[in-house]
Amino acid sequence: MIESSLAEIFYKEFVDKDRIKMFYNGAVTHNITDAFTSQLEFEFKNYHYNKVVKKRVFNIMVEILQNISKHSAINSKNNNTGYGTFALYNDKKEFVILSANIINNKQKNILDKNLNLIVNTPRNELRELYKNKLIKGRISKKGGAGLGFIDISKRASEKIEFDFIEFKPKQIIFLIKIRVKKF
Amino acid sequence: MDVIKLEPTHDKPGIILDKENNKFEFRGNSLPENANAFYEPILKWFDEYAKNPNEKTVIDLKLDYLNTASSKALFSIFMKIEKIKEAGHNVLIKWYYDEDDEDMEEVGEEFDDIINLPFEHISYESD
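Here the protein sequences come in this chain order: A and B.
The numbering of the first sequence is the working numbering, which starts it at 208 and goes up by one.
The numbering of the second sequence is the working numbering, which starts it at 6 and goes up by one.
You may find that some hints are simply not true.
With a straight-line Cα cutoff of 20 angstroms, these simulated PhoX-like cross-link-like pairs (lysine-lysine) come out [said to hold, decoys possible]:
hint: 1; chain 1: B; residue 1: K67; chain 2: A; residue 2: K343
hint: 2; chain 1: B; residue 1: K85; chain 2: A; residue 2: K338
hint: 3; chain 1: B; residue 1: K10; chain 2: B; residue 2: K90
hint: 4; chain 1: B; residue 1: K85; chain 2: B; residue 2: K56
Derived from the structure by calculation, the hints contain no laboratory data.
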């Protein structure tokens with residue numbers, strides 16, 4: 208569970224500016240995802256981290272941003288545009304990806320169930336969970352495959368952390384934090 | 006039969022589907038947000054191809070980045086290729102992965118586990 212409030216989590220980190228690699232709050236469109244991933248690819252060229260680490264961060268970022276654009280409860284109709292907040296921190300030993308977006312009660316119940324299943328699945332069994340979902344899952348109307356969080360968990364170095372914070376009636380902030388170790 | 010030839014972009018794979026020249030290839034990044042829409046014509050092409058496939062179909066996949074929506078779409082493509090195999094034709098999936106990319110190697114192994122098609126896993130040297 209993430210214990211701090213949304214404001215604390217995002218803004219407290221701003222104090223130590225060196226840690227922030229990327230931060231975004233607003234409409235997440237395909238172009239925004241494209242811009243951030245292109246920038247990340249460009250910046251990673253100068254880092255000597257393991258290639259797998261770079262690719263994991265990249266892949267997680269894509270899934271997280273596409274998730275916001277598809278599933279945020281605050282979005283423009285008929286368009287893959289959702290509103291949310293996203294940050295990538297660069298710690299000494301790990302990259303930390305943090306994202307938040309508004310969801311409704313129904314989405315909360317589904318996410319809570321799915322994410323609890325994922326975090327309670329031992330790492331060596333995540334592959335089986337992924338394969339089962341791939342066989343049984345169907346692509347939703349919005350193009351999501353329901354595989355995203357399993358894939359993220361497979362790539363993350365620690366169990367993913369998530370929380371739901373009451374925001375307004377029928378609106379809940381969904382927070383997720385993912386860590387990828389550099390070495 | 007129509008040839009599909011798409012140049013790779015930052016978020017979409019380069020694709021060649023050419024029955025006459027017996028060349029079937031996916032390469033680069035596959036990160037389209039709406040994988041359904043992107044892969045729909047590809048799936049339709051395979052439906053058409055399955056009616057009269059070549060004696061041997063070798064599909065080369067050399068992907069660098071793959072989002073989960075694309076994985077699902079690839080799974081659907083493999084399902085169609087499975088039907089070609091079940092009809093008695095010779096098929097082979099060649100899964101290329103960067104030797105330093107254990108995650109992409111694993112993706113290939115996972116497909117191999119759940120799909121009834123012969124897979125060849127081939128590592129290539131990093132740039």
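So, going through the hints one by one against the coordinates:
A hinted pair counts as satisfied when its Cα atoms are at most 20 angstroms apart, and B/K67 with A/K343 does not qualify at roughly 25 angstroms. Straight-line distance between C-alpha atoms of B/K85 and A/K338 comes to about 18 angstroms, which keeps the hinted pair within the 20 angstroms bound. For the hint pairing B/K10 with B/K90, the CA-to-CA distance comes to about 24 angstroms; that exceeds 20 angstroms, so the pair is violated. Restraint check for B/K85 and B/K56: the C-alpha separation of about 11 angstroms stays at or below 20 angstroms, so the hint holds.
Checked against the numbered hints given earlier, this structure breaks hints 1, 3; the rest are met.
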